[in-house]
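Q: One letter stands for each residue in the lines below.
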Amino acid sequence: MTSATLFGLCGAILIGLGLFELITDPHPLRKILGFNLLGGGVFLVLGVVARRGAAAGYLGDPVPQALVITGIVVAFSATALAVALVVRLSEVSGRVSLAYASSEQTDSDGAEG
Amino acid sequence: MMVALIVDVGLAILILFVAGWIVAVRSTFAAVIGFVVYGLLLSLVWVRLWAIDIALTEAAIGSGVTGALLLRTLSRLPVEHSERSANGSFRFIAGLFCAFISLAIAMVIVALPEPAPTLAPEASAGLPAVGVGNPVTAVLLSYRAFDTFLEKVVLVLALVGCWSLAADRDWGGTPVLWRYSDPDGVLKFLAQTLPPIGVLVAIYMLWTGADHPGGAFQASAMLAAMWMLTIVAGLMRMPRTNDDLLRLTLVSGASAFLLLGFAGFGIVGSFLAYPPDYAKALIVAVEIPMTIAVAATLVMLVAGPPQRRDMS
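Residue numbers (our numbering), protein chains in the order written: chain A, 1 to 113; chain B, 1 to 312.
Since the hints were derived computationally from the structure, they do not count as laboratory data.
For each residue, glycine too, the CB sits at the ideal point set by N, CA and C.
Warning: the hint list may mix true and false statements.
To be verified - Between beta-carbon pairs, the in silico distance windows are:
1) A/A78 x B/R247: 43 to 53 Å
2) A/G94 x B/V160: 18 to 28 Å
3) B/A30 x A/T2: 30 to 40 Å
4) B/A167 x A/A78: 19 to 29 Å
Unchecked claim - To spell it out: a stretch of chain B is covered by chain A in this simulated footprint if at least three of its residues, at any positions, have a beta carbon under 8 Å from a beta carbon of chain A; those stretches are:
5) 9-18
6) 91-100
7) 150-156
8) 269-276
Using the sequences and the hints, build the whole thing.
A: Okay, structure coming up:
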């Protein structure tokens, strides 16, 4: 197995882990962390495609590499906006959770975030 | 070769462990610290994939500036620990679903076409006309300059969205980056010593990015870090968000790109086209306002919406 394939598989697992955090954790900041974990995995998969495209004396295809750089900056912008929304949510509502308010008091109704 | 593979396997295991820890740990503060570590490990992976430009960007923006943003946010949120959704079967189904997604992507990775499709020869062939030696810089600022222009617009739009979340009475006021008050602390000494070096490193990264790994984004992150350091240490004041100079700086990157784009119509005959003899000069000329604009945008995005009006 080459290093590129190894890190590609690593990226695939990171996508799954990030997605799991995004779905299951009701804390919005944890969801943002999950989104960024997932993003890291996606970038890694794209980076593996770049590494495999090594040609013309370069050790990687520069086009997907440039896409990843743009992606990292755009992911940061989205994160900053999401974080500002979370802070505003906590200022307005006084609580930081996307779980249903009822699920904390009554477990019987089966509500989940 | 064998040693390199062992290092890679170790790195992959380490990064998966840290990612798993971020998901599993109860304390959100610990998860954020874990995320910074994750970003730094990821930049090591980028070095192993021979993508030095991405490694620098990941370490600076993906790990550094995002880490600062998340830590600043934590200090503003009341609840710190994570409350798990109690429903076990829901978590089980979600886990199954995510494992399926991972498996599907892993199967695609293993079955990627051989030989791999690549645009490297095309990117290489165009370099003499662009006049820069780093193919990634050529892609970002020449071949796909339109993407980079739109990305500048995205950064400004994110900041507009962020500012518009301010309460009405705070609109146009000053964001609070960090509450720090120790006039004799070691931080103040650092904030006096580091910025000259940091600014020099940023200028070097911007300049060398034309031919070697480096470039505008990495330089921006460096400038942003230096600016934040001086503000947190109390040596500089956070600008008001209705300050004309600040607003002009924030849009200067996208504006420079737009001007250059329309100039392309007049000189070469199409949007964002560079005349061959001046391509490198024009790229560097547009990179300078872009670097300063992105640095300012990064600082303002970390600082968040304006929170108070100045005393004046």
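Q: Which numbered conditions among the earlier hints are violated in the structure presented, ordered from lowest to highest?
A: Of the numbered hints given earlier, those the structure breaks are 1, 8, listed in rising order.
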